[in-house]
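Student: Chains as they are written, first to last, in the numbering used here: chain A, 1 to 247; chain B, 1 to 288.
Keep in mind that the hints were calculated from the coordinates and are not lab data. Just so it is clear, the structure is predicted and the values come from calculations on it, not from any experiment. We put the beta carbon where it would ideally sit given N, CA and C, even for glycine. Hints may be right or wrong, so weigh each one.
Label-pair restraints from in silico Cβ distances [claimed, not checked]:
{"#": "1", "chain 1": "A", "residue 1": "Lys83", "chain 2": "B", "residue 2": "Lys158", "range": "17 to 23 Å"}
{"#": "2", "chain 1": "A", "residue 1": "Arg60", "chain 2": "B", "residue 2": "Lys273", "range": "30 to 36 Å"}
{"#": "3", "chain 1": "A", "residue 1": "Glu122", "chain 2": "B", "residue 2": "Gly85", "range": "32 to 38 Å"}
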Amino acid sequence: MLEIKNLMVFFENALALNDLSINVKQGEIVSALGSNSAGKTTLMNTISGLIIDMKIKEERRGGERITLMGEIWYEGEEILFMKPSHRIRKGIALSRERHPIFPDSDVEENLRISTYLRKDSEIKKSFEFVYSIFPPLRGLKQRKAGFCSGGEQQMLSIGMALMTHPKLLLLDEPLLGLSPAMQNSLIEAIKKIREEGITIFITEQFARPLLPIVDRGYIIENGMLTLTGTGQELRENPEVRATFMGI
Amino acid sequence: MEIIIYGITNSVTLVLMTLGFSLTFGISGLANFAHGAFYLLGGILTWVFMNELGIPYLLSALLSIFIVGLFGFFLYWGLMLRLRGLAINEVIATLATAVVIIEVLRYLGFSGFTYVLPEFIKGSIQIGKSWVDYQRILLVAIGIALIIFLFLFTHRTKIGLSFRAISQNERTAISLGIDSDWTAALSLSFGSALAVIAGLVILPLGSIDTQIGYDILISALAVGIVGGLESVPGILVASLILGFGQIVVATFIKAQWQTVVTLAAIVVILAVKPSGIFGKYKELEERV
Chain A
1 MLEIKNLMVF FENALALNDL SINVKQGEIV SALGSNSAGK TTLMNTISGL IIDMKIKEER
61 RGGERITLMG EIWYEGEEIL FMKPSHRIRK GIALSRERHP IFPDSDVEEN LRISTYLRKD
121 SEIKKSFEFV YSIFPPLRGL KQRKAGFCSG GEQQMLSIGM ALMTHPKLLL LDEPLLGLSP
181 AMQNSLIEAI KKIREEGITI FITEQFARPL LPIVDRGYII ENGMLTLTGT GQELRENPEV
241 RATFMGI
Chain B
1 MEIIIYGITN SVTLVLMTLG FSLTFGISGL ANFAHGAFYL LGGILTWVFM NELGIPYLLS
61 ALLSIFIVGL FGFFLYWGLM LRLRGLAINE VIATLATAVV IIEVLRYLGF SGFTYVLPEF
121 IKGSIQIGKS WVDYQRILLV AIGIALIIFL FLFTHRTKIG LSFRAISQNE RTAISLGIDS
181 DWTAALSLSF GSALAVIAGL VILPLGSIDT QIGYDILISA LAVGIVGGLE SVPGILVASL
241 ILGFGQIVVA TFIKAQWQTV VTLAAIVVIL AVKPSGIFGK YKELEERV
């Protein structure tokens, strides 16, 4: 479904992603694990196309030079330089790091804004889908999103991505800053989303709750791939255990 | 009684003058210093359409709203696109646009008693002991209607929701497929169109003078600074404070002191709470 080949991203002369090759198959949950500054968010922005928007705006005002090399194939099409809105239409949705939602809008309006590009008549179904995956959101419909707790905002952020009706859901550090209980319920929700046939690609640094549900994983360090394997293999790898699980 | 009536009409006048400026700034962060110039341009275009080309009033008015709106739209794509986010450059570029428009109109001689826009309904009504012309009552009604319309527009329509999204978190909005350039251009266009609507309602109360191009900008800035530029409640409260303040001073001291009220309010607010009574964003202090 998604195939990244030899992807390199430079900010000016600094190399953020170095020769990354990743592939995600239909129906899988794939994870990229890495510590801070490993390049996880840059990777997500590159897949979702946000970096193209940043690149255009930086070029316009003569700011930072962003250089992209390599290939990203999505459903048989090269999308490396495609605008983010086109990618959303093709079914790639991103829930950004640290759940940046629209704080002054209520929860329902946040979800409604997320349907901006959709013209189909199934929007109502999507609302129901999001509320069935995240039941707490149903009771918070009229609450201003800025007043919701971190966990609720994270659910909302993923819910907003789901409202675009994605085939491939990108989750950038969904567990960051959440309590263990909240992390577990989010993991359950991610399992449910996969059961609906949505392919999921997650970047994360908390491997312990995540690895049991992951089909395959990649370890990224300083923008480079250092290890790949199935979820099971990674869980048993002593280096992964030491770095990401604190064992 | 007179103070209440004229205070209210004066306040609503200020609201009308500020709405467009605040809409654009609130959505895309663009400080449109050509706001007053658009107000003037809309009035003069309407006058030209009616008196030189013989087009009926309603059509002339709609045509000028549309033309100036379109002008705002292309001003974004032509000039503001590369400057967006660079506050000082935005101000310089829009102020330069304003000076060009206003001075060209001044050169062409669009000032004086011949240049008068028609009132919607002629005549006046007695409230208590004072006479109020219908235009002022209509002005209040239109001001209120416009605020309700804008509220519904930004909360119920797709374009309105995309405006709210961009104003709250631009990058999240982009990650949901909202085009930030398109939205910013539309916000500048809507703001410019609102300036023309304000002009069409307010200008019939006097004759057109090119100087108002600058005066309107200063009034809009004053209301914006006092209330908080991106906040609609802020604008309402600030308009009431300044509107009544001006009338009280004009009644009890001297009409010339009205401007002092405005300027004093700006100074006080900038010293006490620089982002305005309802303002949230600190950027404002750097922008204005």
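Student: Run every hint past the structure and note whether it holds.
Tutor: Here's how the hints hold up against the structure:
1. A:Lys83 with B:Lys158: 17 to 23 Å: 19 Å, holds
2. A:Arg60 with B:Lys273: 30 to 36 Å: 34 Å, holds
3. A:Glu122 with B:Gly85: 32 to 38 Å: 37 Å, holds
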